[in-house]
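**Student:** Here is how the chains run, residue by residue.
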Amino acid sequence: MFSRRKSESPEFKVPELENVPEAGVGYHIDAWWWLVVLVAGLIAILSITKPDPYWRIVLFVRDGIGVTILITIVSFVLMIFVGMLGGLGRLSTNKLINLVTTLYVELVRGIPLLVQLIWWYFAFPVIVRELGQATHISFLANYEANAIFLAIFGFVFCYGAYMSEIFRAGIQSIPKGQMEAARSLGMSYFQAMRHVILPQAIRVILPPVGNEFIALLKDSSLVSAVALADLTRRGREFMAANFDPLQVWTMIALLYLVMTLFSARIVNYIERRTKIER
Amino acid sequence: MRGVTLDVKRGEVVVIVGPSGSGKSTLLRCINRLEQYDSGQITVDGILLHGAQNINLVRQEIGMVFQSFNLFAHLTVMDNLMLAQKIVRKRSTDEARKISMDLLKKVGIPEKINAYPSQVSGGQQQRVAIARALAMNPRIMLFDEPTSALDPEMIKEVLDVMMDLAKEGMTMVVVSHEMGFARAAANRIIFMDEGQIIEQGPPNVVFTHPSQERTKRFLSKILDH
Numbered sequence: 031m032f033s034r035r036k037s038e039s040p041e042f043k044v045p046e047l048e049n050v051p052e053a054g055v056g057y058h059i060d061a062w063w064w065l066v067v068l069v070a071g072l073i074a075i076l077s078i079t080k081p082d083p084y085w086r087i088v089l090f091v092r093d094g095i096g097v098t099i100l101i102t103i104v105s106f107v108l109m110i111f112v113g114m115l116g117g118l119g120r121l122s123t124n125k126l127i128n129l130v131t132t133l134y135v136e137l138v139r140g141i142p143l144l145v146q147l148i149w150w151y152f153a154f155p156v157i158v159r160e161l162g163q164a165t166h167i168s169f170l171a172n173y174e175a176n177a178i179f180l181a182i183f184g185f186v187f188c189y190g191a192y193m194s195e196i197f198r199a200g201i202q203s204i205p206k207g208q209m210e211a212a213r214s215l216g217m218s219y220f221q222a223m224r225h226v227i228l229p230q231a232i233r234v235i236l237p238p239v240g241n242e243f244i245a246l247l248k249d250s251s252l253v254s255a256v257a258l259a260d261l262t263r264r265g266r267e268f269m270a271a272n273f274d275p276l277q278v279w280t281m282i283a284l285l286y287l288v289m290t291l292f293s294a295r296i297v298n299y300i301e302r303r304t305k306i307e308r
Numbered sequence: 002m003r004g005v006t007l008d009v010k011r012g013e014v015v016v017i018v019g020p021s022g023s024g025k026s027t028l029l030r031c032i033n034r035l036e037q038y039d040s041g042q043i044t045v046d047g048i049l050l051h052g053a054q055n056i057n058l059v060r061q062e063i064g065m066v067f068q069s070f071n072l073f074a075h076l077t078v079m080d081n082l083m084l085a086q087k088i089v090r091k092r093s094t095d096e097a098r099k100i101s102m103d104l105l106k107k108v109g110i111p112e113k114i115n116a117y118p119s120q121v122s123g124g125q126q127q128r129v130a131i132a133r134a135l136a137m138n139p140r141i142m143l144f145d146e147p148t149s150a151l152d153p154e155m156i157k158e159v160l161d162v163m164m165d166l167a168k169e170g171m172t173m174v175v176v177s178h179e180m181g182f183a184r185a186a187a188n189r190i191i192f193m194d195e196g197q198i199i200e201q202g203p204p205n206v207v208f209t210h211p212s213q214e215r216t217k218r219f220l221s222k223i224l225d226h
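Just so you know, the sequences run in chain order H and E. So in the working numbering the end of the first sequence lands on 308, straight run, no missing numbers. So in the working numbering the end of the second sequence lands on 226, straight run, no missing numbers.
No false leads were slipped in.
Derived lysine-lysine pairs resembling DSS-like cross-links, with alpha carbons at most 27 Å apart:
(1) E:107 x E:91
(2) E:168 x E:157
(3) E:168 x E:10
(4) E:87 x H:305
(5) E:107 x E:157
(6) E:87 x E:106
(7) E:222 x E:157
(8) H:206 x E:87
(9) H:206 x E:91
No lab work stands behind these hints, which were simulated from the structure alone.
When you get a sec, could you build the whole thing from the sequences and use the hints?
**Tutor:** This is the structure:
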């Protein structure tokens, strides 16, 4: 897409450089967007020139695309909050908060995401039901797993730990003097965090967080293992009925690719827009 | 620090000198509790710091200027000045803006209001930092080696601002190596070494007739150039 270099503020002119043309000024098309167009074009060409099976595949899996996007976006928004709390918790001087968040991060990072998702979907409801039976609380004893809810919860729980580490590292990368200056002016710890540290930390955090979004988009395919009809699952269902591994999986792969490439461009755009001069 | 007792009177300008590691910065930073101390007490304008329920309230009355300026990099100069005024002193935007403009004029760089810290020179950044501290109307200003990180040609502009401040009667505690400034502005010089106050007195006494041996040795190294 088009991008334009931000112009310098008026009082910052250097006389000797007045006549040198500024690099990158004006509009130029970011070359990477062509890749998105290319992949989208490939999908279109395949669907048009060979509607059977390609267009049939696209029609069959398109609701799966919606599920994939829904799970990814909802989980992502929630995990940002978990990451922020977790990051602050990891930095907390309160021993209990620090211990709890550290244990959380270590636990989550030690178990594969797929295993966690399966655990939430199959094991967690059993625990709730047994608890309900033991305490005679009927709505617990009759708990039925809601696939999408547990999938989102599982992603937020797992990715939240990784986000916590990203937030922690980002906050710690801000020089100590910034917090000292803010506190010296009479700001509370939370005021300093909100107005001084976090706004600066966000710019540091944005690139890895953007990467986590794209990783999440791909990992969302794991919900196919817990009976959720996302894009991957729909692909498997189509395959089970039509036995076309090459065509099906190539198309599924292209669909994921166009989504991740598109997301990567958005992330890149946001990164460039919020870049701060140091 | 090992057993330091210090009184600073309102309107007094105290300059603390000494070799590195002597505890000068630590002492200064104890005053607004940026450093914790193991025993003893600090009273600022009648408020006992150790028992201060809300350290944030006390810090509003103490202005601090750092060696590395510590301006908020993501905010313009104007926003740097206005931020604490608005969220700590709860002033309106208009009031804060007016006070900020007046202070920027006072420190000599009103044209920089919309610049970012990275776009102004070190000396200008430090003057903004002083203005930012003054914007909170503190009763006492602390300066932690304010010119030590500056290129030589920019030191004077900062010291001039500090001189003006001293002449206006601001209570100042300054840790500095700038002996010229100390001689001109200080009511009292304090020489510290290895965590203790070795000697203190008016500049013309301490600089020309120091009574302690350690003071003499330190001054002979500094005052020669």
